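Q: Letter by letter, the chains look like this.
Number of protein chains: 2
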Amino acid sequence: MVDQKMYELGTRKSTIRDVFEYGRKLAAAEGEDKVFDFSLGNPNVPTPEYIKEAAVDILQTMEPSAVHGYTIAPGAPAARRAIAKSINERFGMEISEQNLFMTAGAAAACTICFKALCEAEDEFLTFAPFFPEYRCFVESVGGRLVVVPAKTEDFQIDFEAMEKCLTPHTKAVIVNSPNNPSGAVYSEETIKKLAEVLRGKEKEYGHPIFLIADEPYREIAYEGFTVPYIPKFYENTLVCYSYSKSFSLPGERIGYIMVPDTVADFQQVYGAIAGAARVLTHVNAPSLWQLVIARCAGRPSDISTYRENGQMLYQGLIDAGFTCVKPQGAFYLFPKALEEDDYAFCERARKYGLLLVPGTDFGCPGYFRAAYCIKTDTIRRSLPLFKKLAEEYKK
Amino acid sequence: MVDQKMYELGTRKSTIRDVFEYGRKLAAAEGEDKVFDFSLGNPNVPTPEYIKEAAVDILQTMEPSAVHGYTIAPGAPAARRAIAKSINERFGMEISEQNLFMTAGAAAACTICFKALCEAEDEFLTFAPFFPEYRCFVESVGGRLVVVPAKTEDFQIDFEAMEKCLTPHTKAVIVNSPNNPSGAVYSEETIKKLAEVLRGKEKEYGHPIFLIADEPYREIAYEGFTVPYIPKFYENTLVCYSYSKSFSLPGERIGYIMVPDTVADFQQVYGAIAGAARVLTHVNAPSLWQLVIARCAGRPSDISTYRENGQMLYQGLIDAGFTCVKPQGAFYLFPKALEEDDYAFCERARKYGLLLVPGTDFGCPGYFRAAYCIKTDTIRRSLPLFKKLAEEYKK
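Sequence order for the protein chains is A and B. Residues 1 to 395 (our numbering) make up the first sequence, in order. Residues 1 to 395 (our numbering) make up the second sequence, in order.
Worth flagging that the hints you see were computed from the coordinates, not collected in a lab. Warning: the hint list may mix true and false statements.
As the list claims (entries may be wrong) - The calculated lysine-lysine pairs, modelled on DSS-like cross-linking and capped at a C-alpha distance of 25 angstroms, are:
{"no.": "1", "chain 1": "B", "residue 1": "Lys52", "chain 2": "B", "residue 2": "Lys326"}
{"no.": "2", "chain 1": "B", "residue 1": "Lys375", "chain 2": "B", "residue 2": "Lys326"}
{"no.": "3", "chain 1": "A", "residue 1": "Lys5", "chain 2": "B", "residue 2": "Lys5"}
{"no.": "4", "chain 1": "A", "residue 1": "Lys85", "chain 2": "A", "residue 2": "Lys232"}
{"no.": "5", "chain 1": "A", "residue 1": "Lys52", "chain 2": "B", "residue 2": "Lys52"}
{"no.": "6", "chain 1": "B", "residue 1": "Lys388", "chain 2": "B", "residue 2": "Lys34"}
What the hints assert, rightly or not - Okay, the calculated beta carbon distance ranges per label pair:
{"no.": "7", "chain 1": "A", "residue 1": "Glu8", "chain 2": "B", "residue 2": "Pro168", "range": "46 to 56 angstroms"}
{"no.": "8", "chain 1": "B", "residue 1": "Gln315", "chain 2": "A", "residue 2": "Arg81", "range": "41 to 51 angstroms"}
{"no.": "9", "chain 1": "A", "residue 1": "Phe91", "chain 2": "B", "residue 2": "Glu392", "range": "55 to 65 angstroms"}
{"no.": "10", "chain 1": "A", "residue 1": "Arg380", "chain 2": "B", "residue 2": "Gly92", "range": "39 to 49 angstroms"}
{"no.": "11", "chain 1": "B", "residue 1": "Glu340", "chain 2": "A", "residue 2": "Arg81", "range": "41 to 51 angstroms"}
{"no.": "12", "chain 1": "B", "residue 1": "Met1", "chain 2": "A", "residue 2": "Arg12", "range": "30 to 40 angstroms"}
{"no.": "13", "chain 1": "A", "residue 1": "Ala78", "chain 2": "B", "residue 2": "Gln315", "range": "35 to 45 angstroms"}
{"no.": "14", "chain 1": "B", "residue 1": "Glu340", "chain 2": "A", "residue 2": "Glu89", "range": "53 to 63 angstroms"}
{"no.": "15", "chain 1": "B", "residue 1": "Ala120", "chain 2": "A", "residue 2": "Asp377", "range": "46 to 56 angstroms"}
{"no.": "16", "chain 1": "A", "residue 1": "Arg12", "chain 2": "B", "residue 2": "Ala66", "range": "21 to 31 angstroms"}
{"no.": "17", "chain 1": "A", "residue 1": "Lys375", "chain 2": "B", "residue 2": "Gln98", "range": "31 to 41 angstroms"}
{"no.": "18", "chain 1": "A", "residue 1": "Thr323", "chain 2": "B", "residue 2": "Gln98", "range": "29 to 39 angstroms"}
Unchecked claim - Taking beta-carbon pairs under 10 angstroms as the criterion, some of the chain A residues facing chain B (in silico):
{"no.": "19", "residue": "Val2"}
{"no.": "20", "residue": "Pro46"}
{"no.": "21", "residue": "Ala76"}
{"no.": "22", "residue": "Cys136"}
{"no.": "23", "residue": "Phe137"}
{"no.": "24", "residue": "His169"}
{"no.": "25", "residue": "Pro208"}
{"no.": "26", "residue": "Arg253"}
{"no.": "27", "residue": "Leu280"}
{"no.": "28", "residue": "Leu288"}
{"no.": "29", "residue": "Gln290"}
{"no.": "30", "residue": "Leu354"}
Owing to the predicted nature of the structure, the values given are computational and were not obtained by experimental measurement. Glycine included, C-beta positions come from ideal geometry on N, C-alpha and C.
Could you put the whole structure together from the sequences, leaning on the hints where they help?
A: Below you can see the structure in the form of C-alpha cells.
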C-alpha cells in the first residue's frame, strides 16, 4: 500500500537518535548533570549577531514581495554574486553567479548532485568513516555507494585501497573535509594525490569522474590546518556548501552548489542540477535566508568555543589513555574504542552517562564519535568519567 | 555523463516562463505600461503585517538555537499543535500534532505523498485542467499520471470520464480546489459524489485509493463558495497545504501534510511520508517559518484585492464577449479562447501586450489562463484591449 523502502527509511531508528533518547530519559530520571551527551552534531555556538541583524533589517525595510516572493530556481542573483565574490577573494577563483545554484542546505546540495549525475549502474565512492546519510541519498537516486576502508592512522586517504574500489562505473567520489566523524582535514598533499589518481582514471576509463566536495565544516578548521579549495586542484569538482554550521543555521536549510567552468560539459551538469532540484521539489532555497547570505556571505565564524572544547576533550582523552587524532576541524573526535566491539564499548560508557556513537555507524568499527559542540563545562566534568571508564579496561 | 531526463527537466523552457520573458523584453522596448502580464501565479497581496511582526519578534527575543536549530523531521511540535487547533476549530476535526508533517511548501508536500505511496505500476489520477508540475512530480517517483478530461461547463468533475480512468492500479486521485488554473471550487456535492465513487472502487479493487487534496488556495475562496474539508467526506484523504498563497510567503517554502487517523493504516502512511521527506532531502521545513506558523496559523488572509481583481476581469471579459466561469477561488480565470487553437489565440493577444497562458499547458486545449494576482490598475487598463482582441474575431 505504501513504498516499503520509504516506510523503513522513515521509521528505522538511527543509533544517534537512540542514544539521544536514552540521554533524555537518563536526564529525567537522574538529573541533567548526570548526562554527558556527545551524540549530536548540532552547532551550539549561537548564530552570529550580524545574521540576526541582517534578517531583522531585511524584514523591516524591504518590500515583503521582494523578501518572500519566489526567487528564480538557481537562487537570487544578489546572493549568488555575494558568494562568488567571497569565493574569489578567499580562494583566488574567478567564478560568477552563473557558477552557483542555491540549495536547502548541504544534504539537498549533495543529493541534487547525485541525482543530476547518476545513470544506470553508476557508483559513488566515499571514504570511511563517512556521514551515514550518504548511503540513503545515493541509493535513493539509483546509485551504489562504494566505501573505501579508513586509513585509521590519520584519517587521510588510503590510496591503495581507493584504487581497488575505482571501476569504469565510478561516476563520482565524495569527500567530506573537515570530516564528520573523524575531525580530520585533508591536507593539500592528499588532495593533490587524489586529483592525480582521478585524472589517471579519467583517462583510463575515457569519461569524467566527478569529485563532490561536501563542505559544511569548511570554516571550522583549527590553527595549522588549511582546508584546500578543491576546484583549484581538480577540474571536475562540485562543491556542496551549507551555512548550517558556519552560521549556526541548521534549521533554516540554506546552502549552495558551486559548479566551476572547468567542469566537463558545464551546461549539461548545471542543467541537470536544475532538473534534479526540481524533481526533489526544492522550488527555491528559502528566500529570506538567500537575502541574508547576500549581505553576510564570507563573514567570519567564531570557532573559539569549538577550539577550546576540542582541545580540552582531546587532552582529557589522551590523559585517560585513549588513542585519538588531534582536533583538526569540524567538532568531532573519533578515538579508538577500548575494546574491539565499539557497540559494547559505547554501552559500557553509558553507565557513566557518557553518550557516544559507535564508529560502525560511520563504516569504521572499533572507533567511536564524540561530538564536542556542547557546553564546555559538560566536557570538563566528563573527563574524570572517561578516566574511570578507561581504568575499567586496565583491570 | 549526466542523467538526461534531469538535464531536460532543468533546461526545457516552460510556456509560462517564455511568456514572462517576452513580457520583460516588451517592457524594456515599449515601456512597462504596454505590458499586461497575466502569466504568473505569484501572489501580489503583501505578506500580512502580523507575519512580519511575528518573525521579527521571534528573531529578537528567542534564543538563536531555539529559532535556527534543526527541528525533528515531522516539524516543531508547537507549529503542529497550532495548526491542529486551527483545523479542529475551523473544520470540526479532532486531529492532533501527530497527524501533521511540516514540509517545504505544497510542491514538497504533494511529492512526498506521491513518493511515500508509489509502488510499481501505480497510477495517479488528476483532472484537467491541472497544475503541469504534477506530471513531473508523479513521473519522478516512478508513477504514471492519468488525466481525466475536463468538464468545461463548470470545471467540476466529469464522473463518467473519471470512472473510465480508474483501474486496479489507481493508487491516488489528486484534487486541487480552489483550482489552478480554472479558478473553480469543488462543491460539497462534487466531493460527496467523488467520495462515493472512490469508496465503491476501493471495495471493487480491494485496496485503498487515496485522495490527495492539494490546497494552497484554500483560503482564497469568494462569497458563496465554501471549500469543503475533504477528510470529513472521505477517510483516505491526505491534505497538502502551503502558506505560499494565504500568507504570501512563496519563497520561504512552508506548508504541511495532514494525515487523518481515518487513513487506512495510518502508521504505514505516516512512516512512509517521513521516509520520502528524508530521501527528497527535506531535513526539516525551514525552522523560523515553523515558529511563525506556530503563532499565526489560522489567522485570516486578506483576499479583497483578489476579489476585486477577479470581478473586474471577469466582467470585462464577459462584456467583451468571452465565455468564462465566474471567479470562485484562487486568482485565475480560465476563459474559452476565441479560436480553437489556444496557442494561436495567445499569440494574437500578445500583439496587444496581453500575456496569457494557453490551456493546452494545463491539459485543456481551447482555453487560456489569466492570473489576476497583479495590479488592479493593470487589469482596468487591459479591458479595452481584450475588447479589441475580441472584435478582431467578429470581423
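Q: Which hint numbers does the structure go against, in order from smallest to largest?
A: 1, 7, 10, 18, 24 and 30
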